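Asks: One letter stands for each residue in the lines below.
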Amino acid sequence: MTETTQTKPYIDAFPAARGGAGDRLRPQREAALARFAALGFPTRRQEAWRFTDLRPLERQSYPPSAGGAAPAAALDALRLAGATHRLVLVNGRFAPELSDLAALPEGAWIGPSAQALAERPALSLLDAGEIDGAQPFAALNAAFFTDGAVIALAPGVVLDRPVEIIHLGRAEAPVSLHLRSRIELAPGSRARVVESFAGTGPYWTNAVLGVELGAGATLEHVRLQDEGVEAIHLSLARLRLGAGACYDAFALTLGGALSRQDVQVELAGEGARVGLGGVYLLRGTQEATTALLVDHAAPGCTTRELFKGVIGDRAHGAFQGAIAVRPGAQKTDAHQLNKNLLLSRRATVDTKPALEILADDVKCSHGATVGDLDEGALFYLRARGIAEAEARRMLIEAFAADALDMVEDTALRAHLAGHLQRWPGLRESRET
Amino acid sequence: MLEIRNLHARIADGREVLKGIDLAVAPGEVHAIMGPNGSGKSTLASVLSGRPGYEVTQGGVTYLGRDLLALGPDERAREGVFLAFQYPVEIPGVNNMYFLRAALNSVRRARGEPDLDAGQFLKTVRAKLKLLEIGDDLLQRAVNVGFSGGEKKRNEIFQMAMLEPRLAILDETDSGLDIDALRVVAHGINKLRAPDRAMVLITHYQRLLDYIEPDRVHVLSGGRIVKSGDKTLAGELEKHGYAAFEAA
Ligand SMILES: Nc1ncnc2c1ncn2[C@@H]1O[C@H](COP(=O)(O)OP(=O)(O)OP(=O)(O)O)[C@@H](O)[C@H]1O
Ligand SMILES: [Mg+2]
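Protein chains in written order, with the numbering used here: chain A, 1 to 432; chain B, 1 to 248.
In short, the hints are calculated from the structure, not lab data. Remember, predicted model here, so these are calculated numbers, not experimental data. The beta-carbon is built from N, C-alpha and C at its ideal position, and this holds for glycine as well.
Some chain A residues flagged as far from chain B (calculated, every beta-carbon gap over 12 Å): (1) Asp12; (2) Leu117; (3) Gly133; (4) Pro155; (5) Gly244; (6) Gly328; (7) Lys363; (8) Cys364; (9) Val370.
Rough simulated footprint, nothing fancy, chain B against chain A, three-plus residues with beta-carbon under 8 Å: (10) 375-386; (11) 394-401.
Sequences and hints are given; from them, build the entire structure.
Replies: Structure representation (structure tokens):
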């Protein structure tokens with residue numbers, strides 16, 4: 001097994017972290033670890049990682065967490081108003097005392113991954129991709145994952161209330177949390193899922209989510225990434241959409257010293273639709289990457305992407321949006337837009353669209369902008385008596401507003417708007 | 001109320017645009033400033049309202065006994081200075097009502113008045129909209145976004161009516177208004193004339209001054225006030241142009 005100073009601590013930790021002979025995934029986990037060792041950490045020479053500065057992750061190792069506990073109060077800022085099916089994980093392990101899965105309707109299986117492995121062996125939490133794929137952190141996750149969330153709906157089941165998945169990290173010393181989740185919506189079923197990430201201390205969230213949407217299934221997926229200031233957050237979502245399926249996602253990125261979200265969507269069935277929206281608000285020395293890949297493998301599919309970035313202080317944002325249209329994927333309709341607002345002279349952003357179009361009857365477009373706060377608008381507001389900090393807040397919120405409008409549900413939009421309004425960067429005045 | 005003394009100001013490239021302005025405006029007075037394009041009228045309005053990008057190199061401005069230039073633009077507004085913009089700014093994503101309420105409440109707080117609740121606010125809005133014959137659909141839109149040129153100008157005076165300033169500087173509010181709109185807006189401005197409120201009207205056209213009778217008319221040319229007189233000066237300018245007053 002190849003080892004580097006970066007991979008060695010993880011390889012060494014493997015025997016102790018796992019082990020129970022009852023772990024029926026043992027062979028796959030070993031293969032995944034070998035894959036991780038072979039791939040090593042990504043470098044900025046790889047196109048997909050060009051803009052992501054992984055140094056915070058490389059500076060120290062993050063041994064797998066042995067678990068932890070959190071008080072119920074830790075959920076206060078994250079919980080949705082109204083009834084939900086709630087699944088809480090603390091340091092990568094199911095926390096039944098904080099969860100509420102008592103009222104599941106017929107045809108819905110919602111629970112922790114560890115339980116799903118025992119009760120629903122047909123669910124593919126791991127697939128071959130982990131073992132021969134090119135994602136070292138997904139391979140590492142396969143080797144180490146402790147738990148996660150699983151949602152499986154039978155055909156035609158429509159969830160009555162949102163599913164709330166809350167991931168909490170609690171660390172005194174560096175630890176890694178490897179979460180593996182799975183959402184399978186059978187044809188015609190429908191769910192709304194809100195995932196939140198938060199915590200305190202020097203932890204690394206390494207989350208992998210697999211999603212399979214059957215024909216005509218609909219998933220609305222909101223992600224609130226409000227990790228602790230020292231945290232590292234890497235997440236990879238891989239989705240496959242059947243004919244006429246619909247995936248609507250919105251990601252609000254606020255926390256973490258270093259964060260990256262990869263979303264990879266395969267539009268496998270005719271007429272599938274995907275909407276990816278998001279806002280990233282960065283300050284201090286935060287570093288955040290959004291990397292999207294949508295593969296139009298079938299004809300008549302639609303992609304809508306709108307990401308807005310607000311970057312202050314010395315923070316750095318990156319947006320990489322790849323859209324591939326395969327031969328035969330006629331009548332593809334794909335639009336991508338990434339707009340960034342720099343609040344300080346030392347704030348930076350990289351934005352890079354990549355369209356690869358191999359069909360001729362398609363409508364595709366992309367756009368990217370980077371700008372400062374509109375000084376004319378700022379003066380106009382101030383000239384009417386609105387204090388500078390308040391005027392800046394109004395303009396930043398206005399900038400983010402149209403992306404937030406991609407969230408259809410009013411209560412959910414208000415929940416996210418509340419988090420956006422609490423962003424400390426809104427109250428800091430200009431630093432030059 | 002407003003006292004401008006030997007005001008010199010330059011723009012970012014170092015060019016001096018105001019070259020020694022002297023002007024005193026007393027409470028209740030309306031002064032008109034006329035003058036050729038590029039003579040510095042909007043620059044004067046900008047300096048008085050605190051727009052960034054202008055440097056005052058000499059002279060000063062006193063407003064209600066205070067050093068106006070020491071205040072930030074929002075403080076000036078809260079102290080009762082209002083600028084009706086020659087080119088009102090479009091602000092996508094900021095709702096007009098939300099903006100107006102934020103503005104009104106900051107100004108009211110500075111005057112020691114309580115915030116208006118939603119009901120009181122709406123009542124005030126309705127009354128002022130009527131004064132300026134504005135449909136309330138404009139208020140549901142983002143600030144100035146998609147407004148016609150004339151609607152933007154009307155919206156400026158509507159804001160002035162809402163904020164009830166002590167000193168209003170109206171920069172070419174009449175430009176871009178059709179004949180009927182000009183009458184409505186002028187009527188609105190006249191309604192706002194008050195013994196403790198002063199106004200400075202920047203305009204190119206005597207027509208506005210037919211509706212709003214000024215106490216004084218000044219000609220600004222080449223960054224200086226080259227001639228001042230009573231309302232008859234506007235008529236003379238209309239007839240003979242600025243040639244006779246061009247700064248040396
Ligand atoms: N921010 C600025 N940047 C560059 N030049 C400026 C700026 N502000 C004013 N100027 C210049 O200063 C001069 C005076 O401009 P100003 O807008 O004050 O004229 P004005 O008298 O209002 O003209 P108009 O009647 O056309 O509105 C012009 O030459 C103008 O180009
Ligand atoms: Mg002008």
